[in-house]
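Peer 1: What follows is the residue order along each chain.
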Amino acid sequence: MNDHTTLVARQAMADMIGRLLLAPPSPALWEEAAILVDLAAVTDNRPEALAIAYEYVFGRNVYPYESLYCDEELMLNTATAEQVAATYNTCGFLPTQNVGAPDHLGLEFIFLARLIATEATALSAENLDRYYWARQQMAAFLADHLAVWVPIWARAVQRIPAHPFYQTLASLTVEFIGSELERLSPPMPVSPTYIPLQSATAPAEVDELGALVRHLITPVRAGIFLSRADCTMLARQLGFSVPIADRFTMVRTLFETAGHFEQVIDLVTTLENVMSNEIQELHRLIATQSVWQPLLQPWAQRLTQSIHIVRTGLG
Amino acid sequence: MTTSLLNRLLGTFSQRSQSRVEPLTPPVQAYVKSTAPAATPISSQELRDYPPVERWNDWTEYDPKEWPRKVARRYTLVPTVCFNCESACGLLAYVDVETLKIKKFEGNPLHPGSRGRNCAKGPATLNQVYDPDRILYPLKRAGKRGEGKWVRVSWDEALNEIAGRIRKAIIEQRQTEIIYHVGRPGHDGFMEWVLPAWGVDAHNSHTNVCSSGARCGQAMWMGLDRPSPDHANARVILLISSHLETGHYFNPHAQRIMEGKMAGAKLIVLDTRLSNTASLADEWLSPWPGSETAILLAIANYLIRTGQYNRDFVRRWVNWADYLRAEHPDLPVSFEHFEMKLQELYAQYTFEFAAQESGVSAEQIERVAKIIARCEGKLATHSWRSATSANLGGWMVARCLWFLNVLTGSIGVEGGTSANVWDKWIPRHPNMAPHPKVWNELTWPQEYPLNFYEMSILLPHFLKEGRGKVDTYFTRVYNPIWTNPDGMSWLEVLTDESKIGLHVHLSPTWSETGWFADYILPMGVGAERHDMMSQETHAGCWIAFRQPVLREAMRRLGKPVKDTRDANPGEVWEEVEFWIELSWRIDPDGKLGIRKTFESPYRPGQKITVDELYGWMFENHVPGLPEAAAKEGLTPLEYMRRYGAFEIRKGVQPTFDKPLSSAELADATIDPDTGIVYTKAPAPPSSNITPLPYFEPDPERGRPIGIKLEDGSIVAGFPTPSRRLEFYSTTLRDWGWPEYAIPTYIHSHVHPSKIDRSKNEAVLLSTFRLPTLIHTRSGNAKWLYEISHKNPVWIHTSDAERLGLRTGDLVKVITEIGYFVDRVWVTEGIRPGVIACSHHLGRWRLQEDGGGRLSTALVELKQEGQGEWRMRQIHGIRPYESDDPDTARIWWEDAGVHQNLTFAVHPDPVSGMHCWHQKVRLEPAGPNDRYGDIYVDTKRAHEVYREWLAMTRPASKVSPNGMRRPHWLLRPFRPAREAYFLPGKGKKS
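Order-wise, the sequence lines are chains A and B. Residue numbering for the first sequence follows the numbering used here, beginning at 1 and increasing consecutively. Residue numbering for the second sequence follows the numbering used here, beginning at 1 and increasing consecutively.
Among these hints, one or two may not hold up.
Here chain B is said to cover these stretches of chain A; the calculated rule only asks that three of the stretch's residues, wherever they fall, bring their Cβ under 8 angstroms from a Cβ of chain B [to be verified]:
hint, stretch
1, 29-40
2, 60-72
3, 165-175
4, 246-260
Examples of chain B residues lying across from chain A (beta carbon under 10 angstroms, computed) [as the list claims (entries may be wrong)]:
hint, residue
5, Leu-6
6, Arg-8
7, Leu-10
8, Gln-15
9, Arg-16
10, Pro-23
11, Thr-25
12, Pro-26
Listed next, with one range per pair, are the computed distances between beta-carbon atoms [said to hold, decoys possible]:
hint, chain 1, residue 1, chain 2, residue 2, range
13, A, Thr-5, B, Arg-74, 57 to 63 angstroms
14, A, Gly-239, B, Ala-263, 53 to 59 angstroms
15, A, Glu-256, B, Arg-878, 49 to 55 angstroms
Rather than coming from a laboratory, the hints here were simulated on the basis of the structure. Note that this is a predicted model, so its numbers are computed, not measured. Just so it is clear, CB atoms sit at the ideal spot from N, CA and C, and this is done for glycine as well.
Based on the sequences and whatever the hints tell you, model everything.
Peer 2: Written out as structure tokens, the structure is:
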């Protein structure tokens, strides 16, 4: 896994994953991806459909920014983004793409690719100091950042029946990270600390429902990223629809509508099912690769607590 | 263990040649084996708000228009003072040393009032400097007045004609035919230096459309007419105004009000309209216009009946004894008896009464009263214009507001309200002339013996009545046709050369009044003139220096000039040099006794220069400045040129409780009845010539200098007849208004009983300003006009519904003398029965190329019959080609509607203040009405003037001593005592 040829392949894969996540594939990138048979099998040869799917998945539903999963403010460029930017700076990585925040998943993967390339180059030049430096940086970045949130992001993507390409890409992303974790065997943080860039001044909710909704749409509290598509799916299962709006409004409308039609218990049950399913998926991943256990266990605990809150919060 | 998909893909990648992924090159040798944490990056330089002072002479910035190229530009930063309102905030001009163009204006961090911050008007000075429509050369009219034909002349020609004319008037004893009418004074004390030297009582001002009411109300308490609130340290801030202070001292006071609020002060705002300030208040009261006094007296009543007033302060400082002796001679003269009377006097002003008068709930008034009761002597109050300038008896609003300061003991203390003179410094000028021996009845008529400042709004009517004529009339940064009420009456007299012989308009811009002038002489804006400023912006005292920035930049670059015209654009001059030169030409050989005032204190017999004028004042009459300058090896003038401002003092420093010194008491006597201390020693000349009331020395005892109080202390006291705060004004009593001797409630001319809403009558509130504009002189500031360019009529939803109006519809607003047509803005932010329209807009011009194209509508003005005028807009503002490419990008069309033209004069019979509120009738516009239509009947305007004149109590009937006016009362440009006597009356003691 750590020989030069494999490292070169890994750096290329990480780089391609990063570029596929940053934007809908350009014709050149499309050609490049099509060479990979397994990816070609899920593209159905229609780049326009991929562009539409990209926009639907990442532009309107599952935003691929780490701070949205790890900080409470639900804004871009909060504390986590600052930390990622600081890491880039330390390593001499200057992103050329402007995607709104430094902690975009695509940028993080391109950064990872550059670190693997550094490792590979150092290996072939027998520069052991740089070799170990690169591995140390990767290990830390995976343990502190990428591996902390990507599985949650990937699960949110996989719940959306949008396009098999991006669902496959999400799975591949998680597998790649798991593989890197095994390869580098980083020391796991005992308990990740959260230091807000600013005090988490989420708007004061005027009622209990608002507080519950705020909890559910904050991944670092709820253990799950509830996208607009999730809200639409939940409503559809209950037989009604909710208008498209910001996530807070959609989730609140979901509860209010359920209350209006006396379907609150149904909603609670459906939500519990979704969360329980997510817990199972996390445990499945842990069972597949034990390296995930310290990283995903906190998320499973959050999900368990959220189930409890939903039950007790609504009586 | 890896998954199969990953393995397969990695296998594919392994077999193919890949595009290279660049390895990273970390900026530091971080890949060492050391496990020490990476060093924390060190900031290369701390962030600054302003360029450091030590680099103002030579400062470099990258040109933002050259981005992404980094092109450095060198500037010299010259401090000056904004000229766009009275605040006198500090500015820093960035002058490009290569092109000598001003790049921008930012704040001067060394200015103690503004502290580096400005409102929109300050930086917009740049627009005024580079306005392509500005007047750059002296112009003389070529056709008839108002015809719009001009020829360019030299300054010499203009000066010679004007000086010759003034000289002739002085020699022929027609001193009262010279009038200097000012809008925005530049330099404190400057015209007080010039006009007395000519021996004339020529000063005329805008004050009676601005602050006469507030001044009168305050002066009747303490002799001094302007407040200086310490908002930053207050516990309670009480404003009767809009936009913090109706645009007055807007920026410096705004900062301190916000500081006070952030420190926990409660902000209470009385404003009929929901202004920006009201929206941020802790308590917003929206009273019926004119009922503010009822609310204030209800609060006073609450403090009195619950005993929550500062008894010690009231006992010590209020002239309660005078009140008891005069009004209740049967009662013992004791404070306790006064307190009983106080309760009786104000018992009627219950919360319920105030609620009935004002429409504000009794609960809210009580809540506000309780807040004020807890102020612990830190009540900062302010009213300047607003209700004091809008209502008959508006001056009583100020008097009752100050009553609350008195009751709470919040005078001259930190967090309270001081008098302006304690926080203001006007240095003595060289060679000051004695007081003139003439009295100008065109500006100080007998009918208004207690007015504050001149009755300038009545000049057209006085001229029409034949009370006099004007030989030479200066309008200086003033536009009475537009700014004043009753503008058509002004237009009629300005076009009549038998009434106004020569009209000289000193202005940087075109204006409606300038169009009817004989000369337009271009004067510099804030960056193009010298002035010395000092304003009471907070608890402290400072002076600031306005200077022509290009002149100073040229001096720094080794290219000094001797005349500001050599540095300003075109032949734009500055007024200090202009008036010195004009005065010299009036009396070239000195035989009239005028020239000596303008001779250099350093070079006898030679004309004073600006450097000598300011150098002398700074060296001799600004405490602390010479020492501060010497520490840096500078002269005081150099210090002011470099830094632009000097702080004389921090904190409050009232004078009333200051003990008299042993030197002052050496020859003093004390009146046993009044406790007033007199001395025969002559008054030493003061370095600070901020106007004070004047008490003529008593032939036997001398002049009053202080008061002995109940506890035996001998202190300076207040400059009033009693040396105390005059709850009981013997002046009002003795000069015809005994019913107003104590704070009381006066019904406004727009009291609800006078408004019949069933006939669609309403009150028009026009007294609110827009903080982005400043009457005429912001007319060429494109940035400001882009922000504010329309003045719709605010109307409550219920009134709009009754009239069938929606936002954007046209409404006809009918006044006593005409009407105007404007669009409505339907809102909940104004009281039902009241409409509001800002007076800052509605500029117009009569010719397409008549100047001011980015702020004026082109109009047709017709006279349809005698005194009947009709105005219709031909088109609004349009983009045009000029040297400034932005003029082609003008996107706004609206210039607003000139409502002031349709207002008759309403001079308050006591203060002389024009009472701006109008009783109007509303109609939906008819099919022939257009936006901006105006109709005025000046015959009717004259009738209304006569109606208000009939309310007066002229000095000829009420004067107790044969004088035109109480001699002690503040009066700008005070004439000599002999001029105070009414015609035919001899001198009396």
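Peer 1: If a hint holds in the structure, say so; if it does not, say that too.
Peer 2: Now the hints, each set against the structure:
1. Counting residues of the stretch 29-40 of chain A whose C-beta sits closer than 8 angstroms to any C-beta of chain B gives 5, which meets the bar of three, so the coverage hint holds.
2. For the stretch 60-72 of chain A, the stated coverage by chain B is not satisfied: 0 residues place a CB nearer than 8 angstroms to a CB of that chain, which falls below the threshold of 3.
3. Here's how the stretch 165-175 of chain A fares: 4 of its residues keep a CB closer than 8 angstroms to some CB of chain B, so the rule of at least three is met and the hint holds.
4. Residue count for the stretch 246-260 of chain A with a Cβ under 8 angstroms from a Cβ of chain B: 0. That is fewer than the three needed, and the coverage hint is violated.
5. With a least beta-carbon distance of about 5 angstroms to chain A, the hint placing Leu-6(B) at the interface is held under the 10 angstroms criterion.
6. Against a cut-off of 10 angstroms between C-beta atoms, the interface hint on Arg-8(B) holds, since the closest Cβ of chain A lies about 6 angstroms away.
7. Among the interface hints, the one on Leu-10(B) holds; its C-beta lies about 5 angstroms from the nearest C-beta in chain A, closer than the 10 angstroms criterion.
8. With a cut of 10 angstroms, the hint placing Gln-15(B) at the interface with chain A holds, because the nearest CB-to-CB distance is about 9 angstroms.
9. Of the supplied interface hints, the one on Arg-16(B) holds, with its beta-carbon coming within about 7 angstroms of a beta-carbon of chain A, less than 10 angstroms.
10. Hint on Pro-23(B) holds. Least Cβ distance to chain A is approximately 4 angstroms, under the 10 angstroms limit.
11. Among the interface hints, the one on Thr-25(B) holds; its C-beta lies about 5 angstroms from the nearest C-beta in chain A, closer than the 10 angstroms criterion.
12. With a cut of 10 angstroms, the hint placing Pro-26(B) at the interface with chain A holds, because the nearest CB-to-CB distance is about 4 angstroms.
13. Judged by the Cβ atoms, the range 57 to 63 angstroms given for Thr-5(A) and Arg-74(B) holds: they are separated by roughly 59 angstroms.
14. Checking the proposed 53 to 59 angstroms range against Gly-239(A) and Ala-263(B) shows it holds: the Cβ atoms sit about 56 angstroms from each other.
15. Between Glu-256(A) and Arg-878(B) the Cβ separation comes to about 52 angstroms, which falls inside the hinted range of 49 to 55 angstroms.
Consistency with the previously given hints fails for numbers 2 and 4, ordered from lowest to highest.
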